[in-house]
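Work the whole structure out from these sequences, hints included.
2 protein chains.
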Amino acid sequence: MYRKVSDSTVRRLSLYLRILEDVEDPRGTVSSEDLADQAGTTAAQVRKDLSLFGSFGKRGLGYLVPELSGRLRQILGLDREWRVALVGAGRIGAALFEYPGFRSRGFEIVAVLDHDPAKIGERWGNVTIEDVAHMEEVFAETATQILIMAVPARAVQELVDRAVAAGVRAVLNFAPAQVKVSQDVALKDVNVVMELEALSFTLSQGREGR
Amino acid sequence: MYRKVSDSTVRRLSLYLRILEDVEDPRGTVSSEDLADQAGTTAAQVRKDLSLFGSFGKRGLGYLVPELSGRLRQILGLDREWRVALVGAGRIGAALFEYPGFRSRGFEIVAVLDHDPAKIGERWGNVTIEDVAHMEEVFAETATQILIMAVPARAVQELVDRAVAAGVRAVLNFAPAQVKVSQDVALKDVNVVMELEALSFTLSQGREGR
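Chains A and B supply the protein sequences, listed in that same order.
Heads up: the first sequence begins at 1 in the working numbering, then just goes up one per residue.
Heads up: the second sequence begins at 1 in the working numbering, then just goes up one per residue.
Derived by calculation from the structure, the hints in this document are not laboratory data.
Possibly wrong hints are sitting among the right ones.
From the derived model, a few chain A residues whose C-beta atoms are all more than 12 Å from chain B [as the list claims (entries may be wrong)]:
#1 L15
#2 T42
#3 A43
#4 K48
#5 S55
#6 G57
#7 E67
#8 P117
#9 E122
#10 D189
Where chain A lies over chain B, by a calculated footprint (3+ residues, C-beta under 8 Å) [what the hints assert, rightly or not]:
#11 44 to 55
#12 99 to 110
#13 157 to 163
Every residue gets a Cβ at the ideal spot worked out from N, C-alpha and C, and that includes glycine.
See the structure below:
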């Protein structure tokens with residue numbers, strides 16, 4: 001139904017939801033102009049994004065905040081809990097595990113896996129770190145839906161292949177490697193060094209271009 | 001000179017560099033087909049991306065790995081050191097500070113700042129955590145060029161405004177807020193929860209669409 005929605009539209013929907021959650025009057029209304037201004041886009045873009053998912057708001061009255069935020073949560077799949085497994089219990093994995101923003105959005109880390117014998121068996125919150133060798137069993141037991149990969153680049157593809165074979169259909173990858181998945185698997189990459197490189201590119205461009 | 005290069009092109013250049021650094025024969029050649037295959041794109045796209053920056057490679061011979069990787073480093077501004085300040089010494093800040101991939105790419109964290117009196121004065125590697133109240137002096141002393149913001153959403157805009165007023169022209173933002181900067185400032189956002197939301201959107205879409 002929503003097949004053709006672009007990544008940038010989905011990102012703006014997430015942003016609109018954050019703006020709505022932060023308005024002064026959570027039972028009031030907002031205009032597409034307000035949303036656009038805070039999201040750094042145009043009112044026409046806001047209306048276009050929202051119109052993909054039905055009819056919202058009333059001409060001249062704007063959008064009811066509780067109604068629109070409820071609908072955005074539903075569209076984004078945030079009206080339910082998602083069961084997330086974290087593979088890699090190193091520094092990045094630990095920072096992600098403790099990140100308060102996950103649970104409040106319904107992303108529950110139900111399993112942590114690593115290959116390091118010194119870490120396996122360690123307790124993190126309600127979770128015991130499991131051996132990544134038993135990944136498939138852990139995913140089945142915990143009914144994992146989303147995988148977060150916080151492992152070194154060389155390890156990530158093989159582990160993702162195993163997870164996909166075990167039925168996982170969504171992967172958030174922190175390893176600095178291009179992971180290949182089949183079309184029915186959703187994949188997102190977070191690569192902090194590549195973001196820094198985009199900044200250094202822009203700074204260098206200024207240096208060469210001026 | 002490079003003004004019109006898109007974000008996605010810059011991202012692919014970073015990716016090509018990673019692929020070149022990982023080839024079996026670091027003194028050999030690669031074809032645009034090899035690069036495309038590993039980068040998940042087409043050979044035509046590889047050639048188009050590289051042609052923006054001059055002429056590379058020889059027909060039928062491909063690209064010389066050392067030459068192309070050297071040129072990519074230059075284009076991306078990685079042929080020099082960048083002086084980075086980290087604002088926010090919490091969990092995410094700590095994980096970023098210890099991330100081994102920064103220094104190897106020339107991103108040197110020269111200052112860490114926080115507002116928490118319990119953290120100010122603490123030693124992290126070669127750096128002493130400074131009071132964010134003295135941000136401007138610290139940036140001047142350390143000749144900061146790139147700012148990493150790992151602070152709560154409510155604090156980020158004011159701190160970025162101060163940093164920009166103090167001359168910083170590149171910001172990598174980890175706070176879950178839309179930061180506004182003038183056009184001469186480069187800004188990148190890393191928002192892990194929004195990436196998870198994009199995955200939950202896709203998973204939900206499957207649920208509604210099938």
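Going through the hints against the structure:
With 12 Å as the threshold on Cβ separation, the claim that L15/A sits away from chain B is violated: the shortest Cβ distance comes to roughly 6 Å. A cut-off of 12 Å between C-beta atoms confirms that T42/A is not in contact with chain B; the least separation is 14 Å. With a least CB separation of 16 Å from chain B, A43/A remains clear of the 12 Å interface cut-off, as annotated. Every Cβ of chain B is farther than 12 Å from the Cβ of K48/A; the closest lies at roughly 17 Å, confirming the non-interface assignment.
Against chain B, the non-interface label of S55/A holds: every CB pair exceeds 12 Å, the least being about 17 Å. With a least CB separation of 21 Å from chain B, G57/A remains clear of the 12 Å interface cut-off, as annotated. With 12 Å as the threshold on Cβ separation, the claim that E67/A sits away from chain B holds: the shortest Cβ distance comes to roughly 19 Å. With a closest Cβ-Cβ approach of about 22 Å to chain B, P117/A is found to remain outside the 12 Å limit, as its non-interface label requires.
Look at E122/A: its CB is around 17 Å from the nearest CB on chain B, clear of 12 Å, so calling it non-interface holds up. Listed as outside the interface, D189/A is inconsistent with that label: its C-beta sits roughly 8 Å from the nearest C-beta of chain B, within the 12 Å cut-off. Given a C-beta distance limit of less than 8 Å, the hint that chain A covers the stretch 44 to 55 of chain B is violated, as 0 residues qualify and 3 are needed. Counting residues of the stretch 99 to 110 of chain B whose CB falls under 8 Å from any CB of chain A gives 6; the rule of at least 3 is met.
Closer than 8 Å: that is the beta-carbon criterion, and the stretch 157 to 163 of chain B has 0 residues meeting it against chain A, so the requirement of 3 is violated.
Checked against the numbered hints given earlier, the structure breaks hints 1, 10, 11 and 13 and satisfies all the rest.
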